[in-house]
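Asker: Start from the sequences, fold in the hints, and give me the full structure.
Sequential numbering of the first sequence, starting at 127, is according to my numbering.
Bear in mind the hints are in silico, worked out from the structure with no lab data behind them.
Among these hints, one or two may not hold up.
As the list claims (entries may be wrong) - Here are the simulated DSSO-like pairs of lysine-lysine, each with C-alpha atoms no more than 30 Å apart in a straight line:
# : residue 1 : residue 2
1 : K323      : K215
2 : K215      : K190
3 : K218      : K233
4 : K190      : K233
5 : K190      : K218
6 : K215      : K233
7 : K290      : K323
Since this is a predicted model, take the numbers as computed values, not measurements.
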Amino acid sequence: MPRTQRQIQEAYRILRAHNGHLRWWPGRTPLEIIVGAILTQNTAWTNVETAIRSMRAAHLLSVKGLRETPMDHLERAIRSSGYFRQKAKKLKCFIGFLDEAYGGSVKRMAGAPAARLREELLSIWGIGPETADSILLYAFGYPAFVVDAYTARVAARHGWASEKASYADLQNLFTSMLPHDVDLYNDYHAQIVWVGKHHCRARPRCDGCPLEPLLGR
DNA sequence: GACCAGGCACATC
DNA sequence: GATGTGCATGGT
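Answerer: Here you go:
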């Protein structure tokens, strides 16, 4: 087996043994996961948690609530998540699509084929590849491997990909090296975020990183 | 007070 | 296709 494939598989074994299954996504319903996926764009999750609590208190965590609430009210509720005017618009755009294409039913949407869903999600203003794949994987349970800034960093640090690899490059890398398994994709992404937060930052703290033994091999 | 955080759209070359 | 910029809050 090639070095890169061996390392990508070994990295998961190490992280899984270190952390156990991380049980992502931290959201109660598919709609809440979709909302979280939009709110966490380039934003610390702690800020998103505050926004979600505030939305719940204001009864905005439902299709009806999101559809009917005035823009300024929604903006106030999600203020803590940053870019709140943009994100309020993004949430409204998603609900607009959901109403138009699936009669406002998340459950009906979840039944559509994955390839069609990805195209549709990407056509919605404010939803790019990472958000689309997060929704496919964590809200709808399709095997979409999620790539984020941490994925790029970890892959570059370990020599699995070039530093300027595109989103599609990185996604192809992992999906070609791993079994196509929803539960594996779910946890692998969560584990990469864990490594990113604790070790593989812009200024990496490789000392004590469970993946340190892989470096230089 | 800089720097960073589970991106994306848009303008410009 | 690659590169630059605006969007905004809250923690370190």
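Asker: Each hint needs a verdict: does it hold in this structure or not?
Answerer: Results of checking the hints against the structure:
no.	hint	result
1	K323 with K215	holds (29 Å)
2	K215 with K190	holds (16 Å)
3	K218 with K233	holds (18 Å)
4	K190 with K233	holds (14 Å)
5	K190 with K218	holds (11 Å)
6	K215 with K233	holds (22 Å)
7	K290 with K323	holds (21 Å)
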